[in-house]
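So you can see what is in the structure, the chains are spelled out below.
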Amino acid sequence: MKSLIKFLEKIEPDKKNSPFLHTLFDGFHTFLFSPNHTTKGGVHIRDAMDLKRTMVMVVLALQLCYVFGTLNIGHQHYVSLGLHNEGFLDGLGAKLLYGLLQILPIFVVSHLVGLGIEFYFAAKKGHPIEEGFLVSAALIPLIMPPDIPLWMLTLSIIFAVIIGKEAFGGTGMNVLNIALLARVFVFFAYPTEISGDICWVAYDYNILHQLFGIEAGTLEALGMAALPEGLSWKDYVWSHMPDGWTGATPLGLAAKGGWDAVLASPQYTTSNMFWGTIPGSIGETCKPLILAGAALLISIGIASWRVMLSMFVGAALTAMLMSAAVGGDTSFFLGVPWIQHFWMGSFFFAMAFMATDPVTASATNTGKFIYGFFIGSIGMIIRVLNPAYPEGWMLAILFMNVFAPLIDHYVLQSNISKRLKRIKSAQ
Amino acid sequence: MLDIFLKAAFIENMVLAYFLGMCSYLAVSKTVKTAVGLGLAVIFVLGITLPINWVISTYLLEPSTSVLSGIIGQETDLTFLRFILFIAVIASMVQLVEMMIEKFSPALYISLGIFLPLITVNCAILGGSLFMVAREYNFAESLSFGFGSGFGFFLAIVAIAAIREKLRYSDIPPALRGLGIAFILTGLMGIAFMSLMGIDPGNIIPQK
Chain U
0 MKSLIKFLEK IEPDKKNSPF LHTLFDGFHT FLFSPNHTTK GGVHIRDAMD
50 LKRTMVMVVL ALQLCYVFGT LNIGHQHYVS LGLHNEGFLD GLGAKLLYGL
100 LQILPIFVVS HLVGLGIEFY FAAKKGHPIE EGFLVSAALI PLIMPPDIPL
150 WMLTLSIIFA VIIGKEAFGG TGMNVLNIAL LARVFVFFAY PTEISGDICW
200 VAYDYNILHQ LFGIEAGTLE ALGMAALPEG LSWKDYVWSH MPDGWTGATP
250 LGLAAKGGWD AVLASPQYTT SNMFWGTIPG SIGETCKPLI LAGAALLISI
300 GIASWRVMLS MFVGAALTAM LMSAAVGGDT SFFLGVPWIQ HFWMGSFFFA
350 MAFMATDPVT ASATNTGKFI YGFFIGSIGM IIRVLNPAYP EGWMLAILFM
400 NVFAPLIDHY VLQSNISKRL KRIKSAQ
Chain P
0 MLDIFLKAAF IENMVLAYFL GMCSYLAVSK TVKTAVGLGL AVIFVLGITL
50 PINWVISTYL LEPSTSVLSG IIGQETDLTF LRFILFIAVI ASMVQLVEMM
100 IEKFSPALYI SLGIFLPLIT VNCAILGGSL FMVAREYNFA ESLSFGFGSG
150 FGFFLAIVAI AAIREKLRYS DIPPALRGLG IAFILTGLMG IAFMSLMGID
200 PGNIIPQK
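So the sequence lines, in the order shown, correspond to chains U and P. Numbered according to numbering that gives the first Met the number 0, the first sequence spans residues 0 to 426. Numbered according to numbering that gives the first Met the number 0, the second sequence spans residues 0 to 207.
So that you can see chain U by itself, here it is in the shape it has in the complex (with noise of 0.2 Å):
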């Protein structure tokens, strides 16, 4: 330890002539070893747990959401190709390679572009790198359908780096989600990319398959079954799926025939939408993970379980009135029972990691609930009244982290006006 310790300082560059590569420096320096700068003026409560580990922290409770995406990227690609189909871990080996070669060029490209941007700001102003994007680079991919074009990927990051956070002043300051600006981005600007009943099979190979060889038989080489009629892995790809695969999401055939429809189709099931192996973002599908990661986060303090508990009471209520509005009539949208609406699209991932995002939610314990009632009201409302978009979390999000300065406003004030009482009566 000692040894890299001063390694680190024979290396240091000069802060003066090399701006940043200074800054690229006090980046892994600070990721290594907790820094023994002193506050200078003034006594200050200093602690290691600092904005960088608060960080580190939420990517490893999203941990077990990548390992099972990845692993579901590929099940859904050879289920829709009529291969291993007849349980989750059938063809391990073959649908985590698939996996890993779909998700890391989205997962390099998110981080190589929102970490370049970053480093050229804060070399540009000349502060030390904030790690605020490690989190956000984290979510973008696990709330991406896992066929994005990765353009489009780095389109949407540059503007929400920029426009959402840059522009506002850096980490901490942003009125809006990152990872959701990015995805609203692409939402708005590429709307069949992200919505609809296509992409959220991956179907394609992109470069890195082509670079490990399909064609030289990798795939078999890990317990793949053999092709039948000797085609190559290419011609078979797309003689069975010429325009991708289709195949409606639970909500979308919710939209069309309420609960009824989505209990009537074959590929859904209660417990297979629980349980997460179903088309969808590459992150949101399994539930249990989800609040596995949600539990860590509020355990070590980080999350917000008021945000949460509100979120979840505000969209069981309204739904619980949409459906008492219809007569609890299953067929309609408006009467699939409240209960299932939770399995059904990314309720949870929305709850456990975009609605909890501290910067952009209310900082009041009371604004918290507030907050978080009307995602879960405001989100419910879009999902099931809205015939615009197939889900509503996003956009509810959004919509409340532009009224949330105004409820920490109305919470101060009526504090103030309570103390004030106070110290009148007082007298």
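Think of the hints as simulated: they come from the structure by calculation, not from any bench. Every residue gets a Cβ at the ideal spot worked out from N, C-alpha and C, and that includes glycine. Be aware that one or more of the hints could be misleading.
Computed from the model, here is a short list of chain U residues facing chain P with C-beta under 7 Å [to be verified]:
1) Tyr77
2) Leu80
3) Ala166
4) Met172
5) Leu175
6) Val183
7) Ile381
8) Leu384
9) Asn385
10) Ala387
11) Leu394
12) Phe398
13) Val401
14) Pro404
15) His408
16) Leu411
Each computed EDC-like pair below joins lysine to aspartate or glutamate, with the alpha-carbon atoms no more than 16 Å apart [stated by the list, open to error]:
17) U/Lys124 - P/Asp170
18) U/Lys51 - U/Asp25
19) P/Lys29 - P/Glu164
20) U/Lys123 - P/Glu164
21) P/Lys32 - P/Glu164
Fit chain P to the supplied structure of chain U, relying on the hints for placement.
Here is chain P on its own, set in the frame of chain U:
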């Protein structure tokens, strides 16, 4: 009635969906307190002028329903007077609001400054009257539309004011400070408000 109110306030928000009334929206949104004052003034002016303009438009200007047509004995089309009459009504209402605010809250009167009389030429207000004519609302609907779009303006200006109070502590790039970041913010808020676009509040319960 209620669906027109909801639609005007949340779904087709004057500021964040049509980008009308931007001048006072950007200029008076530095603190929540003045923003609330201006928002209430706009609600009042919109809510009062729209029904009055509806009466004028229907009974004086439109040839088929005009009272003048009956008096003169032939159809008289005075719709070319629409703009000038609408503006006159709006101006007199704003004058009224101005006198009231000056009387009851001089501090607010001073902090609103020139932007209070400038509500007269606020495009959201004239826009409201013209939308009402174009959409052929009846009296009750135009009343509801007036208060709804006023409430939408109030909501937008108070929300951005709260955000801008918070932004005072942000390290915004010098070139963007002030109006620059407010414009970016308005665009981002517009994206957030797109969430409700497409809902039809008049037709929520499906028919079999």
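(request) Enumerate the violated hints, using their earlier numbering and listing them in ascending order. (result) 1, 2, 16, 20
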